[in-house]
Amino acid sequence: MISSLSTVLSPVLAVEIPYWGQTSLRVLGGLVAILLPAGGLVYVYLFKMMSFMQSRLGPMEAGPYGSLQLLAEVGKFLQKEDIVPAKADRLVFLGAPFVVLISTFLLLLAVPFGPDAWFVDLDTGVYFAMAVSSVSVIGILMAGWGSSSKYSLLGGIRAAGQLVAYELPMILAVLGVVIQAGTLNMNEIVFAQANGEIFGFGGIGNPYILTQFVGFAVFLIAIQAELTQPPFDMPVAESELVAGYMTEYSGLRFLLFFIGEFATAGVFSAIAAVLFLGGWYVPFLEPEHNLYNVLGPLVLMAKIFGVAGLIFWFRFTYPRFREDQLQRLAWKFLIPIALVNIVITGVLKVVF
Amino acid sequence: MTATAGSEREQLAYIAAKAADSRVNVELETEGMTLNIGPQHPATHGTLRIVAKLDGEQVISADPVMGYMHRGYEKLTEVRTYPQVTTLINRIDWLGSFANEVPFILAAEKLMEVEAPPRAVWIRTILFEMSRIANNLLGLGDMAAQLGAVTPVFYAFRDREYVLNQVEAVTGGRFHPNFDRIGGLKDDIPAGWIASTKDSMIKMRQAADELESLVFGNEIFTTRTRGIGIIPAEVALEYGMSGSNLRGSGVDWDLRRDSPWGLAYDQADWKVWTHPDGDSYSRAWVRLQEMREGTYIVDQLLDSLPSGPVMAKVPRIIKVPEGEAWVETENPLGAMGYYIVSKGDLVPFRVKIRSASFNNIAIVPWVLKGVYVPDIISILASLYFILGDIDR
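Order-wise, the sequence lines are chains A and B.
-3 is the number of the first residue of the first sequence in our numbering; add one for each residue after it.
3 is the number of the first residue of the second sequence in our numbering; add one for each residue after it.
Pulled out of the complex, with its shape left as it was, chain B reads as follows (with noise of 0.2 angstroms):
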């Protein structure tokens, strides 16, 4: 009998607990809680948003809006003639000028089947390259800021400018050369630019071997990226990322290898660097050896630099003839194409950019889910985005 009013009692109690313990429970569940990081963050270094539901710091969700900075480049080409666009164009990825306007020059130059000559495919190939290397120190220089490391993006900032100083000798302009023309260049290199060039190739490995020690080399660095941001290779192609994030999650695509009409890639002895991990720490590692094989390339090409004109015969005014023509080059940021559709006019009809970072970061969603706050910057400085570049 007792023993059956105790248990009685021992329910009671035990029914009461419960219930003490759900109200608990109700009172404690935590509350999701919605962060903006930008439109204006630090992170972003443009005007890209964030809209991330957090749980405490764990995301639940990420989602990229875009279009702060959007200017409609798309349709202002539709009012320019050919040769005005390179202008406009400069500015997508604004950190890689000249890579910008080596496709849409191009393209055009497909339309008209007229070809530039050898030293300018040569030139126009060494500037690239440059931009190249320019836009990766920038960009690890950054993602080490974006980790915490302060000094690093001085070094960047600092060696950066062996090659803008180059880049100016011959264009005029360190960031909008605006120097490519249907047909070739608007101008042949200085005198003496070819051994300034060499040193300043030089000043770029040891660039890129002390950041190598200085933030590859750091075990903080390494714990802060190493299984952080993975992004197997079947999504990363199924989300059409390019250029270095693509390389970084191991898959061997590269346009200079795999398509160099109109550059002079296929007369450089270079490497496809990749990368199996597909973290954050592969895309930098990536980056920084493309970096350093850039500068292999801008060597042997300098050597091999053949002699004559630098402009093909075009007409004073030029008109393109009717029809499409799409080409695509491996930028910086990754695959940049332009598909213009001309009705033999003065302007072009319609101009289709298709710019590397809009389509890198469209995997922001699926990468970030489950991550921490603080791996959402690192994430977004291994997958390297200009602003410019995504909104155009």
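Just chain A, with the same shape it has in the complex (with noise of 0.2 angstroms):
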């Protein structure tokens, strides 16, 4: 849909216009576009599924059915007085929401949206995607430390032992969809799914949520644990360190960190309905189809919506981890899981 924004545009103001110039319009285009209205859109849908599920009230009043209570919350901290403690390190207190938002900014970067329709089609597209999740953990720490407050040291150190653990099991779950589509790029992963067959069925594709089950198991509880939520939200634990490493902070800053963790589950969720769900593709309808290009992101956010559920099922109803019964689940049984399920997978890939 985006790259042919370019083509569309390009004979109408008859001017060629340059690569970069392609991809920048692509990227700051897509951002505007898409990323904005879905997170705002999760945070919505999430905070009506969260107060149905708690039985309160949830937003009723900004927009209808509280549709805008996103932009009333950001209105309420835009407000607020930014303060900076006085010990803190001024620099990387600053800087730490951003550091963090960009880790989700980037990770979007790399999920396709139809089979033109991508920001940036990277033949390392999951490789990508794995390495700037872990961006996030410098921002986090950066918050912690530098806030100069025992609470904030805390939880950042927690975080980043945390971040740490949870990013080998994820990355060994990713491997088995990568080892059964045969390519690192997420739009191939994609057309592997919808042109895949269940035993000679293709009616349906093959989405890997079937035959990577484990993985996608082992991906949604490491994805839980990046996120820094319940059951894995000591870095945050309200009740034990206040709020973790986001305690100093007010304002736009703590709107940042607040937003950043609704709109990075929403991508995450997005990177899991792509590697496993089937991405922006529905049965019956062949993958080549033109209709792809404006039905995809549809598609996919109906996806990313299921995903984002069920990781938000889990969040309101666990309680919380210690730390080290954390690590023991992350070393001694996701991650052996994880390699059973890669030698599995190694060896059907082999057989078939």
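Incorrect hints may have been included.
Claimed, not checked - Straight-line alpha carbon distances no greater than 25 angstroms define the calculated DSS-like cross-link-like pairs of lysine-lysine that follow:
| hint | chain 1 | residue 1 | chain 2 | residue 2 |
| --- | --- | --- | --- | --- |
| 1 | B | 205 | B | 273 |
| 2 | B | 188 | B | 112 |
| 3 | B | 315 | B | 112 |
| 4 | A | 146 | B | 55 |
| 5 | A | 146 | B | 371 |
| 6 | A | 76 | A | 146 |
| 7 | B | 354 | B | 77 |
| 8 | B | 55 | A | 83 |
| 9 | B | 321 | B | 345 |
What the hints assert, rightly or not - Listed below are several chain A residues computed to face chain B (Cβ distance under 7 angstroms; list not exhaustive):
| hint | residue |
| --- | --- |
| 10 | 50 |
| 11 | 146 |
| 12 | 226 |
| 13 | 234 |
| 14 | 316 |
| 15 | 318 |
None of these hints come from the bench; they were simulated from the model.
Glycine included, every Cβ here is placed at the ideal spot set by N, Cα and C.
Hints are included, so try docking the two chains, each in its own frame, into the full complex.
Spelled out as structure tokens, the structure:
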């Protein structure tokens, strides 16, 4: 959709847009057109869902069905004073939320929305996504250290330990998909799922959740930990560490952390949808069909809502692990399972 | 010769390595950190301060610092007449307010040698048990919230309303009924109250079941609480713990059964729940069972509610004769007692309040030694204190 935008625009403007111009147009247009509504939708959808689950009222006043709640919150946070603690490491403290947000934005670059609708068609898309998802650790460590608060420091250190520990099962879980698809390109993974067959029956393609269900489960648990959400929310554990690494933040910077959390949940759900649920593909419509450039983003959005709903369902149901229990789960349980999954996938790939 | 030289060289190298090692160790020696948990902290739901000395995330020592919310109730009672005192002491354990009034009134009745009519005693016991149900429900929801599960606490607040509505229907106050009088009660129960209370008790049993499956059936909850914060029975007794915390350590001690003086507990068929483990889980589990048992007690007492007046004959101006009296009851948080010294005046000469939470958190330095920071919160939540009950 977006890539075709420049081809549509260039004859109208009668200007040959150079390659770098096309790329930046795609990126900018994509970010504005998709990420903000996506973040907003996920946010509002999750707020309403959370309210229904917890039997509280939720947003109702701001806009129809509370849909403008996000704008109201942004307005509220913008009016608040941006406080920097006197003893804080100023530059580190101020920069931390942006580093976290950059990680989210970069992550979205790798997600394809249709056969021709993507920001960047990377041949190493999965690799790129896994790499930039760890950038947020730096931001969180910066926030924890820069605040010069004991609670923030404990939260930051917990976050670092946790995020590093859960990178590994996440990558190993994705590896099964990569082996099965035979490519690191995310769009080609979608095509591989769309053109796949289940024992000779190619009607609905082969969404990898059917073959990689172990990988999907491990991936879901790992992204839950990456998002620092219950049951893995020790870095922000509000009953222990007040708000962990976010304790000292206020105003816009707190909002950036806050929205970053929800937006990252949406983006991770998008990656899970692409890798395991067939991305923008719907059954009974050939993946080469032109309609997908319009339909694709909507289909993907629906799948994102499904995965995000699952993620937040866990969030509102479970209590929190302790730090050592979390490490035990990662190293003794998830990683061996993911490794066995890779071995079995590899063997079956060779056999079939 | 060469061997000696070699060994000498090795020896020197060994010494140098040792020296370097010890330098590194000196540099890497960790320094303890003092973490002030509170007085303003989300987990203390009030103003309790815990000074924790940490090594990494492990607690070396933890001391509770109390008194940030001290309101001087013992002193204030000395300048208030007996009927006025109930307004004050309502605010001690603010989640089980009615239960605070009962032991004081009973002690005053003991001094005056007045006996409340049976109907008043029955309604007192029912309201007493209802404040326990509301209190324990919120305590369990709050414990789940401290452990990171946000949802149960909302359910607890929602379901607690069923009890509070019933309390409000009788007393006119949701939180602070101020309903107990020397010689009986202010009013009788309204029409239709018995049936609606039975309905609400059914809802409370459903709430207990829901909580049991949502929280106690959760594996993360059990890993976070089982074997954490173990208090053996003898230690619990040494530190003067009482209530569900003591029964969670396996001590079969309940004032409702052991000294039911002034209340109608001996008229119902019920069970004292204990748990042998003494960990965080068992304390919470006992609280859940007691909440459920409380609904059965209320049901039975509603069935056997005697008729008659709710107020005995007492003089219009209450003067308590000279003497001293001590009455203790099993409140939601544990044993609560009042020692009243009267000089035959309109006001008490001296009132000593024994509140449950104050004695229950005396064990905090003992039980928190060596645990990790997240367990501080779960253990404190399982001890379930109310700040008003600590500081008075």
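Hint by hint, where does the structure go against what was stated? Just the numbers, ascending.
none
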